[in-house]
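Asker: Here's the letter readout for the chains.
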Amino acid sequence: MSIFVDENTKVIVQGLTGGQGRFHGLRNRDYGTQIVAGVTPGKGGSDVDGIAVFNSVREAVEATGATASFVVVPPKFASAAILEAAEGGITFIVSITEGIPAHDEAVTYNRLVEDYPGVRLLGPNCPGIISPGKCNIGITSGDIALPGGPVGIVSRSGTLTYQALHELSQQGIGQTTCVGIGGDPVPGTNFIDCLAAFEADPETKAVMMIGEIGGSEEERAAEWIKRNMTKPVVSYVAGVTAPPGRKMGHAGAIISGSKGTAQAKMDALAAAGVHVCLNPTEAGQKMVEIVQAL
Amino acid sequence: MSIFVDENTKVIVQGLTGGQGRFHGLRNRDYGTQIVAGVTPGKGGSDVDGIAVFNSVREAVEATGATASFVVVPPKFASAAILEAAEGGITFIVSITEGIPAHDEAVTYNRLVEDYPGVRLLGPNCPGIISPGKCNIGITSGDIALPGGPVGIVSRSGTLTYQALHELSQQGIGQTTCVGIGGDPVPGTNFIDCLAAFEADPETKAVMMIGEIGGSEEERAAEWIKRNMTKPVVSYVAGVTAPPGRKMGHAGAIISGSKGTAQAKMDALAAAGVHVCLNPTEAGQKMVEIVQAL
Amino acid sequence: MDLFEYQGKQYFSRFGIAVSPGDVADTVEAAVAVAERVGFPVVVKAQVKVGGRGKAGGVKLANDIDEVRLHAGNILGLDIKGHVVRRLWIERSSDIAKEYYASFTLDRPHKTHLGMLSAQGGVEIEVVAEENPDAIAFLSIDPVRGLDLGSARRWVHEAELDEVAREQVAELLVKLYDCYTTGDCDLAEINPLILTPDGTVHALDAKVTLDENASFRHPEWEEYRATETEDPREKMAKEKGLNYIGLDGSVGIIANGAGLAMSTLDVVNQVGGSAANFLDIGGGANADVMAAALEVINSDPKVKVIFVNIFGGITRVDEVAKGVLEALARVTINAPIVLRLDGTNAVEGRAILAPHLNDRLITEPTMLDAARRAVSLANA
Amino acid sequence: MDLFEYQGKQYFSRFGIAVSPGDVADTVEAAVAVAERVGFPVVVKAQVKVGGRGKAGGVKLANDIDEVRLHAGNILGLDIKGHVVRRLWIERSSDIAKEYYASFTLDRPHKTHLGMLSAQGGVEIEVVAEENPDAIAFLSIDPVRGLDLGSARRWVHEAELDEVAREQVAELLVKLYDCYTTGDCDLAEINPLILTPDGTVHALDAKVTLDENASFRHPEWEEYRATETEDPREKMAKEKGLNYIGLDGSVGIIANGAGLAMSTLDVVNQVGGSAANFLDIGGGANADVMAAALEVINSDPKVKVIFVNIFGGITRVDEVAKGVLEALARVTINAPIVLRLDGTNAVEGRAILAPHLNDRLITEPTMLDAARRAVSLANA
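These protein sequence lines map, in sequence, to chains A, B, C and D. Residue 230 in numbering that gives the first Met the number 0 sits at position 231 of the first sequence, and the numbers go up by one each step. Residue 271 in numbering that gives the first Met the number 0 sits at position 272 of the second sequence, and the numbers go up by one each step. Residue 284 in numbering that gives the first Met the number 0 sits at position 285 of the third sequence, and the numbers go up by one each step. Residue 44 in numbering that gives the first Met the number 0 sits at position 45 of the fourth sequence, and the numbers go up by one each step.
To be clear, the hints were calculated from the coordinates, so they are not data collected in a lab. There may be inaccurate statements among the hints.
Restraint-style ranges between C-beta atoms, simulated for each label pair [what the hints assert, rightly or not]:
1. D/GLY145 / C/ASN73: 53 to 63 Å
2. C/THR199 / D/ASP230: 55 to 65 Å
3. B/GLU6 / A/LYS258: 53 to 63 Å
4. D/HIS217 / C/THR199: 44 to 54 Å
Keep in mind the model is a prediction, meaning the values are calculated, not measured. Just so you know, even glycine gets a beta-carbon here, dropped at the ideal spot from N, CA and C.
Construct the entire structure; sequences and hints are all you get.
Answerer: Following this line, the structure appears as structure tokens:
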């Protein structure tokens with residue numbers, strides 16, 4: 000099994016007619032993802048490489064029965080597109096857009112939570128999700144992932160996710176699902192959401208969690224793991240050497256005063272029984288050991 | 000000078016035609032308070048011992064220019080009467096009613112704060128306010144108060160207030176104003192409001208503050224005193240021997256777990272430089288000493 | 000007024016809050032009947048207004064009629080920390096996947112309502128608050144605006160409840176808030192609020208405290224009042240409109256005003272005594288009330304001396320003096336009475352008593368003097 | 000983007016938030032002109048984006064033209080913790096009765112906005128939060144619902160601000176929230192917010208951080224960007240669309256992705272080195288971007304070795320390899336380059352570089368190997 004998306008997930012692409020939307024949308028389709036429609040206001044009736052384009056999400060959903068949307072639109076339009084997806088009947092939204100204003104994100108997040116409790120948003124500013132061999136929504140290269148499990152991956156960082164996938168796949172260790180939750184301050188889906196889903200998924204036997212500096216999501220996840228998680232978790236947190244007060248690339252990756260340091264996160268995770276590793280390679284090796292001992 | 004009310008304060012009595020309203024309203028008038036009107040819906044046009052009665056607060060205010068209201072109505076009608084006073088243009092409301100449901104009080108308090116920021120509510124469930132020789136609104140016996148200052152009194156307890164007035168008056172020490180804030184959990188006027196007013200009043204040279212168990216208003220007051228008060232404060236807190244979990248007569252006088260104990264309050268006050276006394280008599284004596292040394 | 004668990008659950012039901020199917024029983028046979036109706040296995044729960052009943056053997060699982068009979072028989076009449084079990088609540092046993100905590104109460108410092116929600120239920124919330132405060136999602140609710148479903152959804156998100164439970168809990172919280180406000184509760188608490196393995200949510204316990212000031216708009220509370228198992232003296236005092244709380248000492252206290260009554264306890268304690276009670280006769284008490292107060296105190300065998308501390312305001316001291324004489328004429332007061340009378344009409348009051356003073360009826364000029372005298376008599 | 004105090008005050012003014020009358024000046028004569036216009040006494044304040052300017056002599060009271068001349072002359076050009084003062088803010092001096100604190104920022108754990116209000120302003124809020132957290136009234140604001148005047152009034156009550164100030168502050172808070180939200184601030188802070196002896200309220204300082212993601216809807220921010228006194232390399236990197244942060248070490252870092260870049264810093268540190276910078280070339284970088292990144296690093300004299308750490312995803316490794324060669328052809332790179340290339344088209348990328356490898360252009364198979372090699376070269 001996989002979490003959130005699988006081979007039956009029907010996906011629309013909001014912004015399919017744009018350069019990025021076309022590139023990633025077709026790439027995801029080539030991977031085997033059921034990309035069933037595109038949405039671009041004003042371009043309804045056209046198609047992109049055989050994928051029908053609709054004027055609105057609602058029309059696309061009604062025509063195709065899609066439940067997921069891949070939102071590939073510029074920051075300026077991203078919030079409206081996400082809310083249109085929820086309003087249109089989509090229950091799983093992936094937003095890869097980087098650079099959405101923080102206030103737009105805050106409003107969008109709370110609008111979703113308050114008005115569309117059944118909707119999950121992944122991102123914004125995330126690499127997306129891949130359930131290897133089944134479904135890939137986002138910008139991850141499908142060829143670095145290996146189907147069949149038993150490892151689930153959840154990560155705040157894109158490249159480190161790829162690195163993790165790569166290292167596991169090279170050792171012949173597959174993944175159930177790999178979720179990139181993104182590096183923004185208000186992620187729609189957080190570590191706990193993914194950990195809970197992996198804990199509930201019978202095919203996932205171990206989880207790799209990749210955190211970074213900033214915020215307190217890793218600490219909250221540690222608390223949740225201590226109380227609820229029965230499966231082994233291997234973790235790496237980036238940014239041990241990051242200076243306070245500077246955004247390390249991601250809007251969310253900032254140490255404010257004494258809060259959000261990598262050390263505090265690693266300590267909390269270690270106290271929750273997580274295998275805390277000091278670099279991605281070590282984390283990959285630790286996971287190999289754990290899987291081989293299963 | 001006095002705080003909140005003086006010889007120029009024009010007062011209406013909501014509920015003047017009722018037994019309690021008539022008794023206390025006339026008693027206050029006899030003291031010299033400018034009781035200018037009564038309000039009882041449906042009894043407009045009548046009078047009580049020469050005091051004109053109106054159907055609504057607004058009419059009474061328009062006819063008399065009153066700024067204060069003495070609300071003497073049963074618990075069931077108290078909240079509506081208080082809000083009518085605010086709506087009708089009154090800026091100082093005294094509510095002596097005991098037994099108003101807590102939820103009514105919570106709504107009324109917040110409605111006043113949100114919609115009528117210029118209105119002060121004293122009480123509910125309080126003995127009222129007396130500026131000796133000038134104005135008495137409430138149920139305090141005027142004859143135990145002595146005009147001329149220099150002491151301000153603020154108290155959560157009715158009888159202990161009388162006791163304090165009595166002890167000071169007997170020693171020839173007068174009061175600027177004595178405010179009973181009442182023993183309910185959500186008092187409209189709190190210690191800090193009164194302490195700030197006494198601090199600003201040039202004729203008040205020292206303040207007696209009578210607290211009791213429950214809540215954290217005394218602790219907040221202590222913090223305020225530490226930062227703002229230049230005048231000496233003498234304090235007594237009732238309920239050192241009160242058992243936790245039982246309401247000691249007043250709805251607000253309850254120790255919850257380790258919170259709200261008399262000892263914690265006395266410690267906070269002492270740390271703020273307040274003269275903390277162990278019984279009302281001692282507090283009276285201490286105040287006499289302080290005034291004599293002024 | 001604290002409700003029993005079964006009353007709390009019945010109160011919850013009025014507001015559409017799901018509880019386990021069950022009913023109350025005050026005999027073994029009634030318990031069996033309920034168990035058969037709701038279906039096995041059942042839980043047999045002692046109805047007492049005190050914590051720790053589980054440890055005291057007051058909560059038992061029963062898989063069949065014989066076990067219900069056995070446990071109901073054992074629990075009825077059981078003494079749990081001084082509370083004798085007279086009623087049982089029998090309910091269908093629930094499988095538990097997760098235990099949450101939810102409550103509403105008044106936030107006094109902020110003058111708002113305080114909601115507390117935690118994914119860590121089933122233990123005392125004070126312990127969670129102490130050990131892991133981040134595990135509680137606090138929600139401050141403006142009483143004017145109330146709690147709507149949107150806010151409740153944000154709240155269950157923040158509390159990181161299991162996803163399958165979130166929407167159900169959000170809807171339940173809106174109902175619980177309705178129960179708390181329109182139901183006039185001082186406290187409405189569910190601990191644990193459970194998620195069952197099949198993914199449904201309901202209240203497994205109920206802790207409700209009603210605000211007695213709101214009785215006038217809740218005729219349905221009459222039935223709760225009837226079952227209040229109170230100290231008999233507290234009951235008697237209540238019927239007479241007196242505010243009485245029983246304590247452990249030997250000095251009976253009567254005062255007018257809550258503050259003065261508390262203060263009287265404190266002063267008695269300071270001079271080496273200990274109070275047998277708190278008794279506030281309220282403002283404007285007359286001779287009848289005073290006489291009733293003396294009778295209540297007189298029924299307490301612990302009392303060695305009675306300290307009457309009156310500062311007349313609305314209460315007139317001459318009325319108090321008459322009440323004392325009336326009580327003395329009506330019943331035999333077992334303990335000596337020490338009075339301190341001050342304030343409105345104090346001179347008249349003292350004059351009324353003067354001819355009757357003796358070593359069983361004593362006046363003292365100040366509160367402190369009167370306390371000393373009372374304590375010395377109590378310790379004699 | 001952090002604003003200078005004067006920019007923050009100008010930004011506040013757009014939203015109707017009262018500040019002291021004043022203006023900016025970058026010469027002594029301009030300072031005198033402002034002072035004459037706003038009226039004496041004035042305060043002459045150094046404009047630097049660093050704390051502690053008061054202690055460093057960067058804030059002075061001037062009672063007349065001579066004093067303005069003296070202080071402006073002394074402060075202009077002053078070095079405050081490495082920040083050279085190029086601008087002054089001259090404002091009418093305010094009498095202060097009370098100092099408050101007010102701010103809005105994002106509450107990440109709760110995904111709401113967090114308002115902080117305190118009657119104890121004028122000191123660092125972190126100190127107040129540490130020593131006396133009850134002195135701060137926190138307000139959690141749902142971004143969907145926002146802050147209205149009623150809630151602001153409850154808030155100023157709760158914060159126990161002086162009564163005369165409450166309504167004014169409530170109205171100001173609504174404006175400050177508007178500035179924070181529609182003005183797209185990450186932080187909008189007033190410390191101190193003052194009450195004057197005549198009972199009026201205004202902002203005596205302004206700390207504003209703008210969310211650069213919102214630049215597209217704020218053409219007016221252009222002027223702020225022009226005055227950003229940045230590290231010249233950070234400026235150069237920004238112009239080229241690179242995410243660069245200067246650090247103190249000797250290993251120049253280039254990586255694709257913020258997480259991988261952070262991780263590269265960590266690994267370099269673990270094997271005994273220290274990074275000269277953080278540089279994320281982003282997703283989908285091409286040869287041009289790679290070349291630009293090398294040029295930025297190359298301009299840093301601290302750099303002893305350059306570690307290029309690429310895991311190809313959208314970024315194609317062959318493009319990266321081409322960029323490296325391009326840069327080498329275009330400029331003289333002063334330091335040896337160690338590359339670790341993995342992911343999309345890594346084989347092709349390595350093949351492109353193979354003919355050019357030497358002791359100044361080295362590839363290593365893993366991140367850890369590459370880090371070790373880079374550090375040993377840096378320390379050689």
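Asker: Now look at each hint and say whether the structure bears it out.
Answerer: Hint check:
no.: 1; hint: D/GLY145 / C/ASN73: 53 to 63 Å; in the structure: 59 Å, holds
no.: 2; hint: C/THR199 / D/ASP230: 55 to 65 Å; in the structure: 59 Å, holds
no.: 3; hint: B/GLU6 / A/LYS258: 53 to 63 Å; in the structure: 57 Å, holds
no.: 4; hint: D/HIS217 / C/THR199: 44 to 54 Å; in the structure: 49 Å, holds
Violation of the numbered hints given earlier is absent; every hint is satisfied by the structure.
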